[in-house]
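2 protein chains.
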Amino acid sequence: MDYSRFFSDDVPSFMRSPVREIFRKVDLSAIFSFAGGYPSAETFPLDGMGALAEAVVRKYGAKSMQYGATQGVPELRELIARRNGVSIENVQITTSSQQGIDVCTRILANPGDVVEVTAPTYLGALQSFRAYRAEAVTEEGLAGRKPKFFYVIPDFGNPSGETMTLEERKDLVERARREDFLIVEDSPYRELRYEGEDVPTIYSLAPERTLHLGSFSKVFAPGFRLGWILGPQELLEQIYICKQALDLCPPVFDQYMAAEFLGSGELDRNLLKTRELYRGRRDIMLGLLEKYMPEGVTWTHPEGGLFLFVTLPEGVDTVKMYDTALSEGVAYVAGSFFFADGSHCNTMRLNFSYIDMDRMEPGVKLLSDVIRRSL
Amino acid sequence: MDYSRFFSDDVPSFMRSPVREIFRKVDLSAIFSFAGGYPSAETFPLDGMGALAEAVVRKYGAKSMQYGATQGVPELRELIARRNGVSIENVQITTSSQQGIDVCTRILANPGDVVEVTAPTYLGALQSFRAYRAEAVTEEGLAGRKPKFFYVIPDFGNPSGETMTLEERKDLVERARREDFLIVEDSPYRELRYEGEDVPTIYSLAPERTLHLGSFSKVFAPGFRLGWILGPQELLEQIYICKQALDLCPPVFDQYMAAEFLGSGELDRNLLKTRELYRGRRDIMLGLLEKYMPEGVTWTHPEGGLFLFVTLPEGVDTVKMYDTALSEGVAYVAGSFFFADGSHCNTMRLNFSYIDMDRMEPGVKLLSDVIRRSL
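Quick mapping for you: the protein sequence lines, in order, are chains A and R.
Residue numbering for the first sequence follows my numbering, beginning at 421 and increasing consecutively.
Residue numbering for the second sequence follows my numbering, beginning at 421 and increasing consecutively.
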């Protein structure tokens with residue numbers, strides 16, 4: 421039976437995530453994987469999960485398993501509010517920060533509307549924008565049109581690994597105020613800084629026109645689908661009403677697990693270890709690229725986060741090279757997927773958080789060989 | 421700052437859930453509440469949660485805390501497939517069955533499309549349809565238009581408590597095939613039958629044009645936001661792509677908790693006790709209504725589920741009566757919220773699963789008094 425006659429007009433714009441498609445088909449544990457944005461399993465508090473669940477039940481009882489408020493449980497909202505120096509009314513818990521992107525797009529973008537993005541930008545955000553038939557373009561692509569909002573990961577961007585300076589943030593805010601658009605600041609990696617100083621969030625510079633997205637995925641575990649949105653109450657109110665119809669409320673037991681993990685100080689203790697681990701991996705990664713990559717290949721030097729972005733000589737097509745790489749046993753994500761216009765075919769995103777330490781050298785060596793042969 | 425200039429065209433159609441608004445403002449534990457569709461806390465396996473979390477970590481290790489497949493983790497999909505006698509390819513796990521309704525609407529309905537519903541029907545579904553600017557109408561309201569799909573809770577409907585006969589299901593399927601529309605069969609209560617025989621699901625009668633929604637909320641706990649969709653692979657494929665952009669994947673730790681609870685047989689043992697408990701409450705409720713309700717008030721006799729639906733004499737407006745009831749200390753949900761056209765102002769939904777056994781009699785007595793005074 422052909423179902424196409426039933427589909428909504430949004431469906432032809434749905435875009436598969438090439439990253440998720442890789443995971444659908446390939447057993448990553450069998451290859452050297454620099455694809456994906458997975459945290460290291462070493463950062464998961466596995467041994468403490470039973471005790472954490474028991475503490476939640478002891479402390480919160482039946483309400484930990486019941487339906488909860490659409491905004492999120494007050495205990496977790498309060499903890500996040502305090503951590504970010506905002507009021508609880510400015511905190512909406514989301515069922516993952518991907519949902520945060522989705523719901524912001526839902527309340528703001530009509531088909532044909534323009535969303536301004538950086539080049540490159542996060543693939544999952546491009547998926548959300550396209551699924552609502554909004555057009556994602558860079559500043560150059562605006563051609564005089566006003567964006568509804570600007571989407572950006574200012575700290576250790578996915579995929580670039582780069583961080584916006586304070587000047588750049590101030591310029592963006594000034595432009596947003598002058599041209600009257602909103603800013604969606606996606607900030608899942610902000611707490612994973614390995615060197616340098618924190619730069620103020622865009623939200624702190626323009627709280628009246630910024631929706632700031634946070635996530636537990638990189639500081640606790642992505643298996644709990646939990647994020648949050650900080651923003652003006654008037655915007656959060658529409659997100660709240662929308663979210664009622666999306667999933668009624670965020671996962672309640674997960675929220676109390678996160679509240680317990682955060683409130684007890686475990687999260688911050690774990691974060692110290694996580695930063696150490698990832699700083700080490702980043703440094704090894706940078707050293708290995710220096711050691712093995714052929715001449716003409718360059719890469720970013722991230723101060724934090726999970727990724728670095730590699731540029732190969734012009735003419736190399738990393739999408740075409742991908743099957744070869746995979747058959748040789750090494751995976752990356754082609755960089756062109758992160759460009760709204762599909763350009764920059766000679767780039768790739770490498771993740772350094774997931775792969776085991778002792779597999780980094782053979783992995784980078786293998787990848788360098790594949791690249792060298794393609795030159 | 422006025423944000424209305426930024427909002428998408430969907431936003432004015434967003435509809436607040438009157439039920440969720442009640443919970444936002446009122447401490448339900450302080451009143452006699454027949455509102456909401458909450459399961460009884462007595463059915464939650466609270467004492468076993470620590471051990472369950474430990475079993476999950478022991479059995480599944482780090483993958484229980486990592487990102488997972490967008491379709492859901494294979495172990496849970498397999499268990500649900502077996503329980504429902506379908507293939508794993510016909511199972512998509514959802515982050516709540518509310519998300520199931522949302523995503524089905526998303527892939528099927530354009531603004532202005534018609535979704536056929538029963539009268540009354542589930543409020544959360546009306547919210548989803550309206551949020552996509554689809555028009556929810558009953559058969560009488562079709563006026564010659566073809567629905568994109570028919571949405572129905574055939575077993576112990578919310579709010580009616582009523583169950584479709586096999587003949588009615590066959591007629592619906594025949595009509596769907598003749599007139600060429602799909603069916604979304606929402607089935608969160610099916611396993612909560614207290615008398616009578618199971619009626620075959622609509623999905624079993626028309627697997628080629630039905631999306632069947634299931635939920636863990638009433639057989640495990642709603643604090644884990646987990647449901648599933650059974651349906652044709654071609655439809656699930658679009659839901660899968662859409663869900664990537666919605667939240668990447670359902671909560672992974674929750675899925676393994678549910679898989680462990682289901683796979684170990686605990687779910688079925690717990691379900692036996694849950695049915696006993698709710699059967700008792702339903703019987704008490706029916707007896708109390710008989711004992712206290714004024715003449716001219718009628719109600720449904722549900723064979724299962726969580727609700728019964730009360731009809732008062734013409735002229736009584738249960739929306740207007742609500743503030744009085746609440747100030748007296750008793751809550752219900754006005755029935756007109758469950759009608760796409762807002763009619764049937766003289767009806768109300770009563771939930772009998774949540775309120776403690778010893779609070780049922782004073783609650784029904786109080787409600788009966790409020791009703792009597794409004795006649």
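Hint data in this document are derived by calculation from the structure and do not stem from the laboratory.
All of these numbers come straight from a predicted model, not from anything done at the bench.
A portion of the hints provided could be inaccurate.
Identical chains share a label here; the pair holds if one copy fits it or two copies do between them.
The calculated lysine-lysine pairs, modelled on DSS-like cross-linking and capped at a C-alpha distance of 27 Å, are [as the list claims (entries may be wrong)]:
| # | residue 1 | residue 2 |
| --- | --- | --- |
| 1 | K479 | K445 |
| 2 | K483 | K693 |
| 3 | K566 | K785 |
| 4 | K445 | K693 |
| 5 | K711 | K590 |
| 6 | K711 | K566 |
| 7 | K590 | K566 |
| 8 | K479 | K740 |
| 9 | K590 | K740 |
| 10 | K483 | K445 |
| 11 | K740 | K785 |
| 12 | K693 | K590 |
| 13 | K711 | K445 |
How the hints compare with the structure:
1. Proximity of K479 to K445 under the C-alpha cut-off of 27 Å is restricted to the inter-copy arrangement: shortest distance 23 Å between copies versus 42 Å within a copy.
2. For the identical chains of this complex, K483 and K693 are inter-copy neighbours only, at 20 Å across copies versus 32 Å inside a copy, given an alpha-carbon limit of 27 Å.
3. With identical chains, the CA atoms of K566 and K785 are never at most 27 Å apart, being 46 Å at best within one copy and 60 Å at best between copies.
4. For the homomeric pair K445 and K693, neither the shortest alpha-carbon distance inside one copy (32 Å) nor that between copies (42 Å) is at most 27 Å.
5. Proximity of K711 and K590 under a CA criterion of 27 Å is satisfied in neither setting, with 38 Å inside one chain copy and 70 Å between copies.
6. In this assembly of identical chains, the alpha carbons of K711 and K566 never lie at most 27 Å apart, being 45 Å within a copy and 66 Å across copies at closest.
7. When the C-alpha separation of K590 and K566 is checked against a cutoff of 27 Å, the pair qualifies only within one copy, where the shortest distance is 19 Å, while the shortest distance between copies is 53 Å.
8. Taking the shortest alpha-carbon separations for K479 and K740, neither the intra-copy value of 54 Å nor the inter-copy value of 39 Å comes in at or below 27 Å.
9. In this assembly of identical chains, the alpha carbons of K590 and K740 never lie at most 27 Å apart, being 39 Å within a copy and 52 Å across copies at closest.
10. In the homo-oligomer, the alpha carbons of K483 and K445 lie at most 27 Å apart only across protomers (17 Å), although the nearest pairing inside one protomer, at 39 Å, exceeds that limit.
11. In this homomeric assembly, K740 and K785 come within 27 Å of each other (Cα to Cα) only inside a single copy, at 19 Å, whereas the closest approach across copies is 73 Å.
12. For the homomeric pair K693 and K590, neither the shortest alpha-carbon distance inside one copy (32 Å) nor that between copies (60 Å) is at most 27 Å.
13. In this homomeric assembly, K711 and K445 never come within 27 Å of each other (Cα to Cα): the closest approach is 31 Å inside a single copy and 62 Å across copies.
Checked against the numbered hints above, the structure violates hints 3, 4, 5, 6, 8, 9, 12 and 13; every other hint is satisfied.
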